[in-house]
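Student: What follows is the residue order along each chain.
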Amino acid sequence: MEGKTKKIMLIAAIPIMIWTVIPLLWILATSFKGDEALGDSSKNMFGNFWPKEPTLENYKLIFTGGASDLFNPALRNSIIVCVIATFISVILATFCAYAISRLDFPGKKLILTTALAVSFFPVIAMVTPLFNLWRQIGLFDTLPGLIIPYLSLTLPLSIWTLSAFFQAIPWEMEQAAQVDGATSWQAFRKVIAPLAAPGVFTTAIIAFFTAWNDFVFASNLTSSGASRTVPAALAFFTGASQFTQPTGAIAAAAVVVTIPVVILVLLFQKRIVAGLTSGAVKG
Amino acid sequence: MSTATENAAAAPPKKAVLSDRARGERNLGWKLAGPAFAVMLLVTLYPIVYAVYLSLFNYRLTDPDAREFVFVQNYVTALTDPLFWQAFTTTFIIVVITLIIELVLGMAIAMVMNKIVIPRRTLRTVVLIPYAIVTVVSAFAWLFAAQVDTGFFNHWLHALTFGWFDLEFNWFANQAGSLVIICLSEIWKTTPFMSLLLLAGLAQIDGAMEEAAEVDGATWWQRFYKVVIPNMKAALMVAVLFRCLDAIRIYDNPEVMTGGANNTMSLSMLVATETIDRVEIGMGSALAVILFVIVLIVAAIFVRGFKVDLTGGK
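Heads up: the sequence lines are chains B and S, in that order. Our numbering applies: residue 1 is where the first sequence begins, and numbers increase by one. Our numbering applies: residue 1001 is where the second sequence begins, and numbers increase by one.
Since the hints were made in silico from the structure, they are not lab data. Even for Gly, the Cβ is constructed at its ideal location relative to N, Cα and C.
Which residues of chain B face chain S? A few of them, derived with a C-beta cut under 8 Å, are:
#1 Met9
#2 Ile16
#3 Met17
#4 Gly47
#5 Val123
#6 Val127
#7 Asn132
#8 Ser152
#9 Leu155
#10 Pro231
#11 Leu234
#12 Ala235
#13 Ala251
#14 Ala254
#15 Val262
Please model the entire structure based on the sequences and the hints provided.
Tutor: Given below as structure tokens:
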């Protein structure tokens, strides 16, 4: 009986994995296709899926070729904006979550409820006032003009996941360390900080994903390469000349923005799952 | 920082009621949590309030001098415009289709992940990947896959149906075809999130209950329906609520794939079009507020109707 279930589960896992992986393989396959292979199915195998003669010309195009002045600044902007937004959110959220899980003060529930309500805001509803305000005070099409709205995506998420993580920490250990002669600061640094660090780190990864993914703010609050991030830039891509479809270049750029997140997922799979589920489902 | 943590560390045991100690803890609590709370209010509540204010004006960015207070006129115009109802219907269709399929698919995946032994780690990692993929990338992948010249969909369908499916079928020529691809991309990207939340719910179920039901002769379906579902109701509701509110705000997929052609414009896209392309700030704001109210209503229905306790009884 047990063996049978095991086998059924194994067989059921295969289509799930195929369903997940095919679009990823597909975008990779497209990025390896030359201009002719993109429109001519006889140059590809497995039903127009994989190119018979894979080429790296699309990657050359985005890094050094015609699309590079669109892609390189966008990649730089994405990294700067997402790292800063993640950093600010995680710092603020760490203090906040520490207070929520450790101290007794009125308004805890208010903060958590507000964080939840904020994450339910339709992002686009904020674009209209920000668009108008940013144009008046000169933040339109600037990096701070993206970092500030990104906080509305990353901060509530960070507060929730970190509160869930911190609530699972056995705080009594800190007192035990103090009884053993450690100062408060030593107890915190040596006992609590190592326990809290994985939660903070996981939250940072999840917050980074969220910012890295944004398209609404990036496409509506920017107008040039000065601040446009990769997801928005992809939608404005052009090919080698204005007459060729940028399909290959977009696919190559898509692979480039995907690689860092896939590596993070592969490395920290277990902790990301814990972070997502503990932040969302409690009781 | 060091004094702050010292105070915090000195605070417990909590019930040793020294009133100024309690007050100190309260002050410290707000000192630590305050900045995050303030930033959160500033970056979201302020724009929302400002949007409500702007929505009461007839205000076009290219003609700021003609700005005029029109009270609820923008709302009346929006709600009587067929364009709004078209976007509303499109959004509604996408929400319903993706939610139903994701719930079934997510539940199936969660149950496999819960029971599977052998490639457990691999499966969980693989399933998680689409969640981390940038939505725009997933939108492009599905767009290219479904296109006649670059795609493989038609070739595979053609082969699988032994030539019955037309190789030249254009998915993006009409609303139904476009919506199928938009929904597929959305489902691919967000099902992992759904199944992870459901997996967390499944993990909380006491296995002994299921076994007892099995011993009593309950069929697989009866066990699923009478034991599993009622015991993970909270997780189920939270998952459906989160996904539903997310789907109502859909923007990236249709924007990238069709740009709103063939009646595939979602509500979010309508707001962006009014604001950014037509610079009708007043009208755009009114539409944004309407979308916001829709989200609030749906959230309220869920939380009230299904008694979801989102703060976990803390």
